[in-house]
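This is what each chain is made of:
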Amino acid sequence: MSTEHIDLRPVTTSTGQHRFQGLLHRFGLQIGVVGVALVVWLIFLIGAPDVFTAYPIYGAFMSTTPFFAIMAIPMTMVIIAGEIDLSFGSIMAFGMTAFDVVLVSTNSLALAFIACLLAGLFAGWLNGIIVVKGKVPSLVATIGTQFFWRGVVLVVTAGNGIGLTVAKGTIFYDGVVGRIGGVLPAQMVWTILIGIAMWFLLNRHKFGAHVYLVGDNVESARLMGVNVERTKILVFTIFGLVAAFAGYVVSVEVLYFWPTLGEGYMLNTLASVFLGGTSVFGGSGTIFGTFVASFVIGAINAGIVAIGWTGFWTNVIYGLIVVISVVLQAVLSRKLAKSRSR
Amino acid sequence: MDNLLQMINVSKTFGEVKALRNIHFHVGYNEIVGLVGDNGAGKSTLIKMITGYHQPDPDGGEFYLKGKKVTGWSVEKARAYGIETVYQERALADQQPLWRNIFMGREISNRFGVLDVKKMRQETSNLMLHTMGFTSAAVSADSVVKTMSGGERQGVAITRALYFKAELIILDEPTMGLSLSETKKCLEFVADIKKAGKSCIFIDHNIFHVYPVVDRIVVLDRGTIAGQFSKDQISLDELMTRLYRVAQTGRLDTSGEA
Numbered sequence: 485m486s487t488e489h490i491d492l493r494p495v496t497t498s499t500g501q502h503r504f505q506g507l508l509h510r511f512g513l514q515i516g517v518v519g520v521a522l523v524v525w526l527i528f529l530i531g532a533p534d535v536f537t538a539y540p541i542y543g544a545f546m547s548t549t550p551f552f553a554i555m556a557i558p559m560t561m562v563i564i565a566g567e568i569d570l571s572f573g574s575i576m577a578f579g580m581t582a583f584d585v586v587l588v589s590t591n592s593l594a595l596a597f598i599a600c601l602l603a604g605l606f607a608g609w610l611n612g613i614i615v616v617k618g619k620v621p622s623l624v625a626t627i628g629t630q631f632f633w634r635g636v637v638l639v640v641t642a643g644n645g646i647g648l649t650v651a652k653g654t655i656f657y658d659g660v661v662g663r664i665g666g667v668l669p670a671q672m673v674w675t676i677l678i679g680i681a682m683w684f685l686l687n688r689h690k691f692g693a694h695v696y697l698v699g700d701n702v703e704s705a706r707l708m709g710v711n712v713e714r715t716k717i718l719v720f721t722i723f724g725l726v727a728a729f730a731g732y733v734v735s736v737e738v739l740y741f742w743p744t745l746g747e748g749y750m751l752n753t754l755a756s757v758f759l760g761g762t763s764v765f766g767g768s769g770t771i772f773g774t775f776v777a778s779f780v781i782g783a784i785n786a787g788i789v790a791i792g793w794t795g796f797w798t799n800v801i802y803g804l805i806v807v808i809s810v811v812l813q814a815v816l817s818r819k820l821a822k823s824r825s826r
Numbered sequence: 020m021d022n023l024l025q026m027i028n029v030s031k032t033f034g035e036v037k038a039l040r041n042i043h044f045h046v047g048y049n050e051i052v053g054l055v056g057d058n059g060a061g062k063s064t065l066i067k068m069i070t071g072y073h074q075p076d077p078d079g080g081e082f083y084l085k086g087k088k089v090t091g092w093s094v095e096k097a098r099a100y101g102i103e104t105v106y107q108e109r110a111l112a113d114q115q116p117l118w119r120n121i122f123m124g125r126e127i128s129n130r131f132g133v134l135d136v137k138k139m140r141q142e143t144s145n146l147m148l149h150t151m152g153f154t155s156a157a158v159s160a161d162s163v164v165k166t167m168s169g170g171e172r173q174g175v176a177i178t179r180a181l182y183f184k185a186e187l188i189i190l191d192e193p194t195m196g197l198s199l200s201e202t203k204k205c206l207e208f209v210a211d212i213k214k215a216g217k218s219c220i221f222i223d224h225n226i227f228h229v230y231p232v233v234d235r236i237v238v239l240d241r242g243t244i245a246g247q248f249s250k251d252q253i254s255l256d257e258l259m260t261r262l263y264r265v266a267q268t269g270r271l272d273t274s275g276e277a
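Residue numbers (this note's numbering), protein chains in the order written: chain A, 485 to 826; chain B, 20 to 277.
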């Protein structure tokens, strides 16, 4: 290691303010979303104290929020990489179509489950190949594959659903959507496990380091020897895999697979990612932020009804919270940058 | 005599545009080479070929490092041979902390790819203190690059090149956007490369920056090497006159070897 001394900047003094700004830079996104979550929770707590001081409402959140939180977590990685994937709803259904086909032909839940995951893996990989090798913007490419996979699902299933009661009482039900200890929904545990795995990949693995670099400055990453193509393809592939798993979780919860599975998840998933502080331009974002934001989004619907408003207010509140949070984060980020620039 | 780097008859074409034509270029051991030329002369393309970012045209041309012919040139291979570059655009990721920038593409990890974040932070803190001279609490290993001044960013890019034990350091417009005092320090650093027994390619528009610190000057014009001079062959005034002539006519029109 070299010891040359360049001294390219003047010496200044240490202050507590600088340390505070450093912490704000490092954890600003997380602090912001936790603040939003606390405010929303306090509003609901004051508005409906009986509901929000009892377990059942939280049990309900832990049961329903994972359906989109599981996808919002790897979607965070896609957005950090500077890309977007709008095909995940169709991939959920495509995975379950593969499940359906294999279950009917082999009568094996295990093989059907593996087929579901492999189908998601393949669909995600294909998105990556189209974006990277075809040099097609991911927004356009995944709108295309969204239609394509939905079409495949409808062609194969002829628009008919399939009952999944065969899974009831097996590990493929209890282990995925059962109630651990009779109270904790298993899908909540899966959400946490997927969150930990994605956090590890992003923050403690070379792959994650490259995801941040590629999303931040793709040219710099390439100049510094990062394999940009491989990184992006892998990001899409992982998302496809998790989307197929989410499709299975949603279907097995209601013990039925509808060919329309996945429609209606777009808003909640993307709102969770952006409310969680992930930059729409790529290069920054956290799994923790998305995780907390998912539960804010998940709580709004039930919370609004609980405090006595009609459900029609839901989208108004969603929109307000997301817009206000994103504006606040942008202002905070600009202020911090300004305070350090000379 | 063996050179550290030698390119023989190398060309680079982008679509219909011939960016570099029949380039013969070398860098000796412990030599500082100034690469000058106008915008579009091909300086950055030449640098990106040396660093493995661009591949030369497949029809002919040879590439030698330490006297050995090299094929299948890539960024990884260039780094393995000790070629480090401080790019014109600094090649930094603005929203990432310093430690991620220092180790960009060469993270410290185990064989499973698991990062040693603690070590990278520690190494970055040491580099900041002992190499970059960052002693302020305002800048830490976790500071994001977008909050830093031009000089600080240059310091990060140069330190990264140094950290990985470069034998040939390429500085692409290193003084661009720097203040006078920062420029002076940057030029001192180029002189230090020579003292440390290493080689350097120094690219700059400003001949007043280049001339004092280099051993040899190579003039690039419209994709070809218009000429080259040892510093003892030519005065600064004469060099400026000839560079002006190149810009006007495309020819050096001198006794300098081409």
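Calculated from the structure, these hints are not laboratory results. Among the hints, erroneous ones may be present.
[Unchecked claim] Straight-line C-alpha distance at most 30 Å; calculated DSSO-like pairs for lysine-lysine:
1. A:LYS617 with B:LYS96
2. B:LYS37 with A:LYS617
3. B:LYS138 with B:LYS87
4. A:LYS619 with B:LYS67
5. B:LYS165 with A:LYS619
6. B:LYS137 with B:LYS184
7. A:LYS617 with B:LYS67
8. B:LYS138 with B:LYS250
9. B:LYS250 with B:LYS137
10. B:LYS184 with B:LYS88
11. B:LYS184 with B:LYS67
12. B:LYS67 with B:LYS88
13. B:LYS96 with B:LYS85
14. B:LYS138 with B:LYS184
15. B:LYS165 with B:LYS85
16. B:LYS184 with B:LYS165
17. B:LYS37 with B:LYS213
18. B:LYS184 with B:LYS213
19. B:LYS96 with A:LYS619
20. B:LYS85 with A:LYS619
21. B:LYS85 with B:LYS67
The structure displayed is predicted, hence computed values, not measured ones.
These are the hints, each one checked on the structure:
1. A:LYS617 with B:LYS96: holds (24 Å)
2. B:LYS37 with A:LYS617: This hinted pair holds, its Cα atoms lying about 25 Å apart.
3. B:LYS138 with B:LYS87: Given that 30 Å is the threshold and the Cα spacing comes to 35 Å, the pair is violated.
4. A:LYS619 with B:LYS67: holds (22 Å)
5. B:LYS165 with A:LYS619: holds (28 Å)
6. B:LYS137 with B:LYS184: Given that 30 Å is the threshold and the Cα spacing comes to 21 Å, the pair holds.
7. A:LYS617 with B:LYS67: Holds. LYS617 of chain A to LYS67 of chain B sits at ~22 Å (cutoff 30 Å).
8. B:LYS138 with B:LYS250: violated (43 Å)
9. B:LYS250 with B:LYS137: This hinted pair is violated, its Cα atoms lying about 46 Å apart.
10. B:LYS184 with B:LYS88: holds (22 Å)
11. B:LYS184 with B:LYS67: The hint holds at about 19 Å.
12. B:LYS67 with B:LYS88: holds (18 Å)
13. B:LYS96 with B:LYS85: Holds. LYS96 of chain B to LYS85 of chain B sits at ~14 Å (cutoff 30 Å).
14. B:LYS138 with B:LYS184: holds (18 Å)
15. B:LYS165 with B:LYS85: Cα-Cα ~38 Å, so violated.
16. B:LYS184 with B:LYS165: holds (26 Å)
17. B:LYS37 with B:LYS213: violated (33 Å)
18. B:LYS184 with B:LYS213: Holds: LYS184 of chain B and LYS213 of chain B sit about 14 Å apart, inside 30 Å.
19. B:LYS96 with A:LYS619: holds (26 Å)
20. B:LYS85 with A:LYS619: violated (38 Å)
21. B:LYS85 with B:LYS67: holds (19 Å)
Violated hints, in rising order: 3, 8, 9, 15, 17, 20; the structure is consistent with all others.
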